[in-house]
Amino acid sequence: MSVAEFLDMGGYALYVWGSFGVSALLMILEPIMLRNHRRAVLQRIARIIRIKAGEKV
Amino acid sequence: MFSAFRTLMGRDLLLAMRRRSDLFTTLFFFVIVVSLFPLGIGPEMNTLRLIAPGVFWVAALLASMLALERLFAVDYEDGALEQMLLAPQPLFVLVLAKVTAHWLVTGLPLVLMAPLLGLQYDLSSEALGVMVLSLLLGTPALSLIGAIGAALTLGLRGGGVLVSLLVLPLYIPVLIFGSGAVEATASGLGGQGHISMLGAILVLSLLLAPLAASAALRISVE
Amino acid sequence: MLEVAGLACIRGDRKLFSDLSFRLEAGELLHLHGHNGSGKTTLMRTVCGLMKESDGEIRWNGESIHRLGEDFTRDVVYIGHKNGIKDDLTGVENLRVCSALDGNPITERQAWDALERMGLMGHEDLPSRVLSQGQKRRVALARLLVNKSRLWVLDEPFTALDVAAVDFLQSIIRDHINSGGMVILTTHQEVRITREQVKELQLGWKEVGHV
Amino acid sequence: MPPVAKFNEVTGTKPYLYYQTPGTAGLHYPMNSRLINWFKFSSPATFYPLAGRLVPIFAVLALALIGVGLYMSFFVAPTDYKQGEGYRIIFVHVPAAWMSMFIYLIMAFWAALGLVFNTRLSGMMTRALAPTGAIFAFLALWTGAFWGKPMWGTWWVWDARLTSELILLFLYLGYLALQGAIDDTRRADRAGALLVLVGVVNIPIIYYSVQWWNTLHQGATISMDNGSKMGVTMLWTMLIMALGFWAYTIAVALARVRSIILEREADTTWVSELAEVRL
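Residue numbers (our numbering), protein chains in the order written: chain A, 1 to 57; chain B, 58 to 279; chain C, 280 to 490; chain D, 491 to 769.
In case anyone wonders, no lab produced these hints; they're calculated from the structure. Errors might be hidden in some of the hints.
So the derived label-pair ranges between C-beta atoms look like this [unchecked claim]: (1) H360/C with E183/B: 35 to 45 Å; (2) Q389/C with L169/B: 36 to 46 Å; (3) I28/A with L176/B: 53 to 63 Å; (4) G97/B with S343/C: 52 to 62 Å; (5) G11/A with G97/B: 47 to 57 Å; (6) F607/D with H467/C: 34 to 44 Å.
As a list, the in silico EDC-like pairs of lysine to aspartate or glutamate whose alpha-carbon atoms are at most 20 Å apart [to be verified]: (7) K361/C with D434/C; (8) K361/C with E183/B; (9) K427/C with E279/B; (10) K361/C with D350/C; (11) K427/C with D350/C; (12) K427/C with D334/C; (13) K639/D with D570/D; (14) K294/C with D570/D; (15) K52/A with D757/D; (16) K294/C with D649/D; (17) K331/C with D367/C; (18) K52/A with E753/D; (19) K639/D with D8/A; (20) K361/C with D79/B; (21) K361/C with E134/B; (22) K331/C with D454/C; (23) K427/C with D392/C; (24) K294/C with D673/D; (25) K294/C with E342/C; (26) K639/D with D649/D; (27) K331/C with E139/B; (28) K331/C with D350/C; (29) K361/C with D135/B; (30) K331/C with E126/B; (31) K427/C with D454/C.
For glycine and all other residues, C-beta sits at the position ideal for the given N, C-alpha and C.
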C-alpha cells in the first residue's frame, strides 16, 4: 500500500484526516496549555515567596 | 409546616400584586414571541399549524426562564433569604412555596393565554386542548427545574445568561414531550403517551427539585 | 447553653481564625470586638448555621447544631447588616410574616403594639420603602419584641439608630439577658450592661507591628 | 516564623477565651482534630507528590495504547465492504463519545464525595476533569459530523446519540461557565458539584426523551452503527483506543489537579518549600 494510496484513504481523505487530525491536535494542545499554566502558577508563587522573604529580611 | 407554606406563598403573591407591572412582563413576552413567528415565517396557515407546538413551547420555555432570575434575587438582596434559611421550617417547603407563587404569577397566565394565541395559528380545538394541558403540566416543571439554576447562580455577575446556560439542557425533555404531545394530537396519533411522560417529569421535579434548590441556596448564601 | 470548640473559618482562601473556643450560658452577653475584616460577621453567621465552619464543633445544649437543624434555628434570631424586610410590604405585614415564619404567628394588634414600642407611631402601615434607613432598622428590630428565641445574634444592631432607639434597644437586650436569654452582638458602641454578664471576645490578627 | 501573639482579653469576672494568629501550629493540638485535619486539610499536600509520580506513568501508557490503536485502526482493521475507508473514523468517534460520558460520571462521583465529606480535594478533581470531558464531547461531535458527511451527505444528522452528545456538551459548558462565574473557591466547588449531580440525574431522562423524539419523527432509518458489522478486530481496536483515551484523561486530569492545588494552596508553608518553586 503506497503512501499516496494510504493518504487518499479510498477517497475519504478529508473526512478521515479531518477527524483524526483534529483529535490529535486537541489532545496535543491540551497538555501544552496545561504545562504553560503550571509554569505561570509556579512563577507567581515564587514571586509571592520572594516578596514575603523581601519583607521579612 | 403547611402554615409556613401558606404564609410564604401568600406573601409572595401579595408582593406580586403590589408590583402589578412585573405580573404581565412574562405574559407579554410570551405573546410577543409567539406572534413574531408568523411575521418571520409567513402567514401560510399550513406551515403555521405545523410549527405551532414547537413555537408555543419554545416561547413558554424562554418566558419562564426570563422570570427565573427574580425568583430568589430580590430576597437575597434584602436579607429575606437569610431569614428563610434560619426559619424553623424545612427549607424545601419554603422553596416549594416560593416556586408555586412564582408559577402562579408567570406560568399560569401563559397557560390561560395559549388558547387565545392558538387562534393565530388556526389550531384545531382538540390540539388546543392538549396544548393547554401540556402547558399546564409542563410550566410548573420548568419553574421547579429553573429554581435550581436560579439558586445556583444567586448573586453572580451575568447571572441571567448563566441561568439559561445551566437550565436549558435540563429543560429539553419537557420541551420534547410538551410539543410532542400537541403534535401527536394534531397529526391524529393521540398525545396520551407524551402527556403521561410530562406528568411523570412533573412529579419527579416536584420531589427532587426543591431539595436540590435548597441545597443550592445553602451553598449560595454562605 | 451554646458551646463552641476549636472553631476555624476560611473565607475564600484566607484563614480568618482558628482554634476558637468559647461557652455562653443563659443570661450572658458575648460582645465581639475586632477590626473590619477580622471575621466577626463570619463567626456570627457560622454560629447561626448560615455558614459551614471548616473545622471545630458548635454545640447547642450539648448537641451539634447541624444535627439539631430546625430545633436549633427555632431558638435563634439573627439580624445582620441586611434588614430582611420587604420594601413593598408595610411594617405590620413584614412583622407578621417574619413571626409567622419564625413559628409563632402574631395578631395584627400585637404587630401594631410592637411597632409603636419601637417608636414607629404613625408609620406602621406605610410601605417600608418610604421609611428611612433608621425606621427600617426599627422594623427589623421589632421582631425581637415578639420573638421567643433564646439566642439573639445581632450584627451591628445600633447602626442607623438615633439615641432614643439605642437606649430602647439596650433596655430590651438587658431585659432579655435578665430573663435568661443569650445575646451575641457586635457594636462599636459601649454596651451598658452589668459587668458580670458580659464576655468580651477580641478577634483579629495581632502580630508584631500590626495595627 | 512570626511570633505568636496571643491576644487574651479578660474582662468581667468570667475568664474568657483567647484567639491566636492563623497559619501557626496550634499551641495545644488535640489528637482527634489532628486526624480529621489530616484527612481534610493536608490531603491536597500529600496528594500533590502522589499525582506527580502518576502523571508520567499514565502519559506513557496513553502514548503506547494510542500508538497501537492507531496502527491497528489503519493497517489491521479490514476495509469495510460498504463504507470503504471512511468508517475508520469510528475508531476515534466512539472512544471519544464513551470518554465524554465516562468522565461526566467520574465527575459526578467526585462531586458526591465532595458534598458528603466536604473534602477540598474532590472539588478540585471535579474541576480538573471538566475541560477534558468537554474536549472529548466536542471531539465526538466533530468526528460524528465528519463521519456523517460522506455517509449521509449532511454534516449534521439529528440522530439520537449525536443529539444527546450535543446536550452533554451543553452540560459541560454550563459547568465550566458556573465555575468561571464564582470567585469564592468553596462555593464554586460545592455549586459545581450540585450542578453535576443534577445533570447526572437528568442524563438518562434526556437520552430517553431524545430517543423517543428521534424515533417519533424519522423512524429508525438513519442510525449510526447499523452500517458496518462489528468485526472482532474492529472491536479490539476501539477498545484499545478507548483505553488509550482513558489513560490520557487520567494523566491530564492529575496534571491539572496539581496546578489547581498549587493555585489554591499558594500561601501555605508546604508549597513554599516545594522544589519546583525554589528554582
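Results of checking the hints against the structure:
{"no.": "1", "hint": "H360/C with E183/B: 35 to 45 Å", "in the structure": "57 Å, violated"}
{"no.": "2", "hint": "Q389/C with L169/B: 36 to 46 Å", "in the structure": "39 Å, holds"}
{"no.": "3", "hint": "I28/A with L176/B: 53 to 63 Å", "in the structure": "59 Å, holds"}
{"no.": "4", "hint": "G97/B with S343/C: 52 to 62 Å", "in the structure": "60 Å, holds"}
{"no.": "5", "hint": "G11/A with G97/B: 47 to 57 Å", "in the structure": "41 Å, violated"}
{"no.": "6", "hint": "F607/D with H467/C: 34 to 44 Å", "in the structure": "40 Å, holds"}
{"no.": "7", "hint": "K361/C with D434/C", "in the structure": "9 Å, holds"}
{"no.": "8", "hint": "K361/C with E183/B", "in the structure": "52 Å, violated"}
{"no.": "9", "hint": "K427/C with E279/B", "in the structure": "26 Å, violated"}
{"no.": "10", "hint": "K361/C with D350/C", "in the structure": "24 Å, violated"}
{"no.": "11", "hint": "K427/C with D350/C", "in the structure": "13 Å, holds"}
{"no.": "12", "hint": "K427/C with D334/C", "in the structure": "30 Å, violated"}
{"no.": "13", "hint": "K639/D with D570/D", "in the structure": "17 Å, holds"}
{"no.": "14", "hint": "K294/C with D570/D", "in the structure": "62 Å, violated"}
{"no.": "15", "hint": "K52/A with D757/D", "in the structure": "10 Å, holds"}
{"no.": "16", "hint": "K294/C with D649/D", "in the structure": "51 Å, violated"}
{"no.": "17", "hint": "K331/C with D367/C", "in the structure": "32 Å, violated"}
{"no.": "18", "hint": "K52/A with E753/D", "in the structure": "17 Å, holds"}
{"no.": "19", "hint": "K639/D with D8/A", "in the structure": "17 Å, holds"}
{"no.": "20", "hint": "K361/C with D79/B", "in the structure": "24 Å, violated"}
{"no.": "21", "hint": "K361/C with E134/B", "in the structure": "8 Å, holds"}
{"no.": "22", "hint": "K331/C with D454/C", "in the structure": "31 Å, violated"}
{"no.": "23", "hint": "K427/C with D392/C", "in the structure": "16 Å, holds"}
{"no.": "24", "hint": "K294/C with D673/D", "in the structure": "16 Å, holds"}
{"no.": "25", "hint": "K294/C with E342/C", "in the structure": "26 Å, violated"}
{"no.": "26", "hint": "K639/D with D649/D", "in the structure": "13 Å, holds"}
{"no.": "27", "hint": "K331/C with E139/B", "in the structure": "14 Å, holds"}
{"no.": "28", "hint": "K331/C with D350/C", "in the structure": "17 Å, holds"}
{"no.": "29", "hint": "K361/C with D135/B", "in the structure": "6 Å, holds"}
{"no.": "30", "hint": "K331/C with E126/B", "in the structure": "25 Å, violated"}
{"no.": "31", "hint": "K427/C with D454/C", "in the structure": "13 Å, holds"}
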